[in-house]
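Undergrad: Single-letter residue listing:
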Amino acid sequence: MAKNKFPLPDTNAIIQYRQNISSSNTLIGKMRLSMVVFYELTATTVDQSHLKLYEKWHKSFNKDGLLLTPTMLDWYETAKLIRRLRFGEKSASRGKTPKIPNAQKLQNDALIARTARANNCFVVTTDIDDFLLFLPFMKKLEIVFAEDFFS
Amino acid sequence: MKNGKSKTEKTQKTQKARKPKYSIRDYQDDKDTVFDKETLERIEATLAVLQAIDHQEKFLKNGKK
Numbered sequence: 012m013a014k015n016k017f018p019l020p021d022t023n024a025i026i027q028y029r030q031n032i033s034s035s036n037t038l039i040g041k042m043r044l045s046m047v048v049f050y051e052l053t054a055t056t057v058d059q060s061h062l063k064l065y066e067k068w069h070k071s072f073n074k075d076g077l078l079l080t081p082t083m084l085d086w087y088e089t090a091k092l093i094r095r096l097r098f099g100e101k102s103a104s105r106g107k108t109p110k111i112p113n114a115q116k117l118q119n120d121a122l123i124a125r126t127a128r129a130n131n132c133f134v135v136t137t138d139i140d141d142f143l144l145f146l147p148f149m150k151k152l153e154i155v156f157a158e159d160f161f162s
Numbered sequence: 004m005k006n007g008k009s010k011t012e013k014t015q016k017t018q019k020a021r022k023p024k025y026s027i028r029d030y031q032d033d034k035d036t037v038f039d040k041e042t043l044e045r046i047e048a049t050l051a052v053l054q055a056i057d058h059q060e061k062f063l064k065n066g067k068k
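Top line first, the protein sequences correspond to chains A and B.
For the first sequence, our numbering gives the first residue as 12, with consecutive numbering after it.
For the second sequence, our numbering gives the first residue as 4, with consecutive numbering after it.
It should be emphasised that the hints constitute simulated quantities derived from the structure, not laboratory data.
Incorrect hints may appear among the rest.
[Said to hold, decoys possible] Derived DSS-like pairs (lysine-lysine); straight-line CA-CA distance at most 30 angstroms:
| # | chain 1 | residue 1 | chain 2 | residue 2 |
| --- | --- | --- | --- | --- |
| 1 | A | Lys116 | B | Lys40 |
| 2 | B | Lys24 | A | Lys41 |
| 3 | B | Lys64 | A | Lys67 |
| 4 | A | Lys63 | B | Lys24 |
| 5 | B | Lys34 | A | Lys70 |
| 6 | A | Lys63 | B | Lys64 |
| 7 | A | Lys67 | B | Lys40 |
| 8 | A | Lys107 | B | Lys24 |
| 9 | A | Lys150 | B | Lys64 |
| 10 | A | Lys74 | B | Lys34 |
| 11 | B | Lys34 | A | Lys116 |
| 12 | A | Lys150 | B | Lys40 |
| 13 | B | Lys64 | A | Lys16 |
| 14 | B | Lys61 | A | Lys116 |
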């Protein structure tokens, strides 16, 4: 029985677990798609003929309101989060956090996390360590390790 | 029996602890499930993209060899 939150797979989870996702129409019907994930997949397409498939995919999720696109506020909050990580700022819930000088590299993951939290989703990811860094500053963020989710 | 707990009890507890909060098993297809037109279109479009990703990954893997 599906829970009340919706799965939001990140790019690597979609690539690595594509066969598992294909095996469940119910999962596809329930899952949400992040515009950031869509961007990452489309930008790395090597075959021109695949672009039409991506367009159709984009349209179908967008039409149903299931394509999660970061808003202006999401970008601003993500920028603040990345800044906090860079300087190792204190978290209200977990105290001091380690400094991550190159936290800008986490921008896309942070946007996925932010939109997931704002849209009642949980993130399914293979890069759980990166997403765990956001937890001190995103209390209600739910992250699921793809290996566990698809096992 | 060890520490007052049987092996079965211990195994059950470990399995419970390791069970993820969310799992693909929560989304198993049911033969009685009926999808509306929009969802069917979304499923079809997603399957086509996943197949394209599969082709691309195989192509990249073979290209590297």
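Undergrad: For every hint, state whether the structure bears it out.
TA: Okay, the hints, checked on the actual structure:
no. : hint                 : in the structure
1   : Lys116(A) / Lys40(B) : violated (39 angstroms)
2   : Lys24(B) / Lys41(A)  : holds (16 angstroms)
3   : Lys64(B) / Lys67(A)  : holds (26 angstroms)
4   : Lys63(A) / Lys24(B)  : violated (36 angstroms)
5   : Lys34(B) / Lys70(A)  : holds (27 angstroms)
6   : Lys63(A) / Lys64(B)  : holds (23 angstroms)
7   : Lys67(A) / Lys40(B)  : holds (15 angstroms)
8   : Lys107(A) / Lys24(B) : holds (28 angstroms)
9   : Lys150(A) / Lys64(B) : violated (39 angstroms)
10  : Lys74(A) / Lys34(B)  : holds (26 angstroms)
11  : Lys34(B) / Lys116(A) : violated (44 angstroms)
12  : Lys150(A) / Lys40(B) : violated (37 angstroms)
13  : Lys64(B) / Lys16(A)  : violated (35 angstroms)
14  : Lys61(B) / Lys116(A) : holds (27 angstroms)
The structure does not agree with the numbered hints 1, 4, 9, 11, 12 and 13 stated previously, though it agrees with the rest.
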